[in-house]
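**Student:** Okay, so the sequence shown: first residue is 1388 according to the working numbering, each after it adds one.
Please note that a few of the clues may not be correct.
Computed beta-carbon distance windows for the label pairs [to be verified]:
1. 1424 x 1389: 22 to 32 Å
2. 1388 x 1422: 50 to 60 Å
3. 1397 x 1420: 39 to 49 Å
4. 1413 x 1393: 48 to 58 Å
5. 1426 x 1394: 42 to 52 Å
6. 1401 x 1423: 50 to 60 Å
7. 1391 x 1426: 29 to 39 Å
8. 1421 x 1388: 23 to 33 Å
9. 1388 x 1409: 23 to 33 Å
10. 1392 x 1424: 41 to 51 Å
11. 1416 x 1393: 26 to 36 Å
Keep in mind the hints are simulated off the structure, nothing from the lab. Owing to the predicted nature of the structure, the values given are computational and were not obtained by experimental measurement. No residue lacks a Cβ here, since even glycine has one placed at the ideal position from N, Cα and C.
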Amino acid sequence: MIGTLAAVAAVLGLLFMCASITKENTEKAVRKQYESWEN
């Protein structure tokens, strides 16, 4: 039971990390695109 909870927590942690990294990269890309439109 505890092993299952640990596995689920690990998977959720990985997903959360990936999501935040992807979000940062997406925001950077959007910002670059926006700046190139303004110039």
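**Student:** Confirm or reject each hint.
**Tutor:** Results of checking the hints against the structure:
no., hint, verdict
1, 1424 x 1389: 22 to 32 Å, "52 Å, violated"
2, 1388 x 1422: 50 to 60 Å, "51 Å, holds"
3, 1397 x 1420: 39 to 49 Å, "35 Å, violated"
4, 1413 x 1393: 48 to 58 Å, "30 Å, violated"
5, 1426 x 1394: 42 to 52 Å, "49 Å, holds"
6, 1401 x 1423: 50 to 60 Å, "33 Å, violated"
7, 1391 x 1426: 29 to 39 Å, "53 Å, violated"
8, 1421 x 1388: 23 to 33 Å, "49 Å, violated"
9, 1388 x 1409: 23 to 33 Å, "32 Å, holds"
10, 1392 x 1424: 41 to 51 Å, "47 Å, holds"
11, 1416 x 1393: 26 to 36 Å, "35 Å, holds"
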